[in-house]
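Colleague: The chain contents come next:
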Amino acid sequence: MRRTGLSLLLALVPAALWSQEIVQNATLRQAIQAYEALDFPQVIVQGRAALRQRLTAPERARAEELLGFAFSATSQPDSAISAFKEAILLDPDRQLDPRRVSPRITGYFNAALGQVLVVRQLKVDTARFISGAAGSGVPIRFTVTSPARVRTRAISGNTVLLIDSSIVAGTLTLKWNGTLASGDPVPGGKWTIVVDAFGAGQYTTSGSQELQVTAGAVDTVPHLTALPGYTELPETEIPPQSGRPLGIALLYSGFAGAGALALNNGDLGTSTGREIGVAAGAALITGFVMMLKKPAPRPALGNIQYNRLLREQITRRNTDIVQQNAQLRRQVQLTVVPVARGTR
Amino acid sequence: MNRVMVLTSLLAATGVSARAQTVLFGVQGALGDYREVSSNLRFRGSGVGGSLALHFGRFSAEGGLTRVSYDPRDGNAGLASFKSTQIDARLGVDVASGLTAEVGLLRRTVDPELSAQEMAAARIGVRYSKLIGPGATVGLRGNYLAGAKFTGEGSAGLAFELGLLVSVGPQNGRYRFTADYDFQRIDRKVGSAKTPIEQSVVRLGVAVGF
Numbered sequence: 013m014r015r016t017g018l019s020l021l022l023a024l025v026p027a028a029l030w031s032q033e034i035v036q037n038a039t040l041r042q043a044i045q046a047y048e049a050l051d052f053p054q055v056i057v058q059g060r061a062a063l064r065q066r067l068t069a070p071e072r073a074r075a076e077e078l079l080g081f082a083f084s085a086t087s088q089p090d091s092a093i094s095a096f097k098e099a100i101l102l103d104p105d106r107q108l109d110p111r112r113v114s115p116r117i118t119g120y121f122n123a124a125l126g127q128v129l130v131v132r133q134l135k136v137d138t139a140r141f142i143s144g145a146a147g148s149g150v151p152i153r154f155t156v157t158s159p160a161r162v163r164t165r166a167i168s169g170n171t172v173l174l175i176d177s178s179i180v181a182g183t184l185t186l187k188w189n190g191t192l193a194s195g196d197p198v199p200g201g202k203w204t205i206v207v208d209a210f211g212a213g214q215y216t217t218s219g220s221q222e223l224q225v226t227a228g229a230v231d232t233v234p235h236l237t238a239l240p241g242y243t244e245l246p247e248t249e250i251p252p253q254s255g256r257p258l259g260i261a262l263l264y265s266g267f268a269g270a271g272a273l274a275l276n277n278g279d280l281g282t283s284t285g286r287e288i289g290v291a292a293g294a295a296l297i298t299g300f301v302m303m304l305k306k307p308a309p310r311p312a313l314g315n316i317q318y319n320r321l322l323r324e325q326i327t328r329r330n331t332d333i334v335q336q337n338a339q340l341r342r343q344v345q346l347t348v349v350p351v352a353r354g355t356r
Numbered sequence: 046m047n048r049v050m051v052l053t054s055l056l057a058a059t060g061v062s063a064r065a066q067t068v069l070f071g072v073q074g075a076l077g078d079y080r081e082v083s084s085n086l087r088f089r090g091s092g093v094g095g096s097l098a099l100h101f102g103r104f105s106a107e108g109g110l111t112r113v114s115y116d117p118r119d120g121n122a123g124l125a126s127f128k129s130t131q132i133d134a135r136l137g138v139d140v141a142s143g144l145t146a147e148v149g150l151l152r153r154t155v156d157p158e159l160s161a162q163e164m165a166a167a168r169i170g171v172r173y174s175k176l177i178g179p180g181a182t183v184g185l186r187g188n189y190l191a192g193a194k195f196t197g198e199g200s201a202g203l204a205f206e207l208g209l210l211v212s213v214g215p216q217n218g219r220y221r222f223t224a225d226y227d228f229q230r231i232d233r234k235v236g237s238a239k240t241p242i243e244q245s246v247v248r249l250g251v252a253v254g255f
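Chains as they are written, first to last, in my numbering: chain H, 13 to 356; chain Z, 46 to 255.
It is worth saying that the hints were derived from the structure and are not from the lab.
Some hints could be false.
[To be verified] The calculated lysine to aspartate or glutamate pairs, modelled on EDC-like cross-linking and capped at a C-alpha distance of 20 Å, are:
(1) Lys-175/Z <-> Glu-249/H
(2) Lys-239/Z <-> Asp-279/H
(3) Lys-234/Z <-> Asp-109/H
(4) Lys-135/H <-> Asp-109/H
[Stated by the list, open to error] Label-pair ranges, simulated between beta-carbon atoms:
(5) Arg-320/H <-> Pro-179/Z: 24 to 30 Å
(6) Thr-232/H <-> Phe-255/Z: 47 to 53 Å
(7) Val-140/Z <-> Arg-320/H: 26 to 32 Å
(8) Leu-144/Z <-> Ile-333/H: 44 to 50 Å
The beta carbon of each residue, even a glycine, is placed where N, CA and C say it ideally should be.
Start from the sequences, fold in the hints, and give me the full structure.
Modeller: So this is what it looks like as structure tokens:
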């Protein structure tokens, strides 16, 4: 019963998964067919036979994995783990889909992972950053299956840069800031990230990721013409209509009339007042018309002060931007794109 | 007809003319009241005037001419009509907002000769103008008339003039309507005898700016 259930779980692994891979070796193809027919003893026979023949590395990894599945299905855990170990060593990035593979097989696979030292899942993201800037860099992520001293380097031609060296077990994420030992930006071109893991007993393994690095100028900050959220206010305002023009005209006419009256020489009699009357009338009419007319704009001192402060602030910000741009023009922006991936 | 005929003239334009203009030409109609020596010698009249005003930043120069035909006010027998021609010149400098210090000259002649006192004097004083609306100003003027000279003898220890100035027009200053009132009091003395003179003139006109 137990074997039948496991077989059914194994059967969940889609045959298409295997058929997608091109298998040249006839014996291996027979092993795959036996697996699809749930004939696990035959899988073991054909798989072992295939491994004795000349196979490509992917075919060899496939054969080992088939054996692992078959040993798991026939309750031979040690053999299954051993077969999985071989498969992992041949293809360190190989992993099982936990949604399609039974937990028992996944457990054997994980046990195999814990017994080998490989660098897996080395991934370098595409990134654009300013070389040497604090907190910037391209993320490098990988997994080491067993505790080991791991040395991560970037290599281009004769240039070898040490990115990190530490004892690692599990997944590690690093950031490469793209600088040479001198602090200068790395030149553009092909670079390779190489991760070497040194386990006990001088056993080593490594993974690598090739990158295309492009060096370019850093974008500068445009100058400000306005502060976001702040707009200049009109520097003139139209005062409300009032009787002030007429009042001023009345006042001035009164001054002139009273002055002429007060300064009149009594020896000469009194003036008819015709002349001052005409002038005062003209002044009052002017004042009355101006009282009815839309007042002239006058400076809005508060707004003028506000605009002056705003312009000073913009000037200050632009001065900062000039300094910032001068600094940015000395910097180099690196664009890192992973172009190929391989392990050895 | 005792009305004074219109003559072209140059006359001090109103101090409140459009400051934006460099040159301002004006023509005016004038009304006058002239009294001399006693309350029996009183004349009224009308006439014309002309003016030219130049503005150079804080500085201004104004000149004008006013001709008024005066008739005896009460039709008293024995008083003859005469024509008065007054020339005014002023140089000004703005010393504060709206406040202008002025110096200038005044000369008044009469025709026929000796029908009234001719005189000349220097003037020194201030003018203050106030904007009361778009293109409209009113102002006051006060001048002391110094060193007054007359065709007859005499001198004037106290002589001054008081003015009211009105100017209104479009804000571009291309043309303006003006009203200009001058009151003169001259306390002339001949020996110990008082022979005062007073004149009031109002000029209404239009000025064109360039």
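Colleague: Each of the hints needs a verdict: does it hold here or not?
Modeller: Hints versus structure:
1. Lys-175/Z <-> Glu-249/H: holds, 19 Å
2. Lys-239/Z <-> Asp-279/H: holds, 9 Å
3. Lys-234/Z <-> Asp-109/H: violated, 128 Å
4. Lys-135/H <-> Asp-109/H: holds, 19 Å
5. Arg-320/H <-> Pro-179/Z: 24 to 30 Å: holds, 26 Å
6. Thr-232/H <-> Phe-255/Z: 47 to 53 Å: holds, 52 Å
7. Val-140/Z <-> Arg-320/H: 26 to 32 Å: holds, 28 Å
8. Leu-144/Z <-> Ile-333/H: 44 to 50 Å: At roughly 47 Å between Cβ atoms, Ile-333/H and Leu-144/Z fall inside 44 to 50 Å, so the hint holds.
Hint 3 from the earlier list is the only one contradicted by this structure; the remaining hints agree with it.
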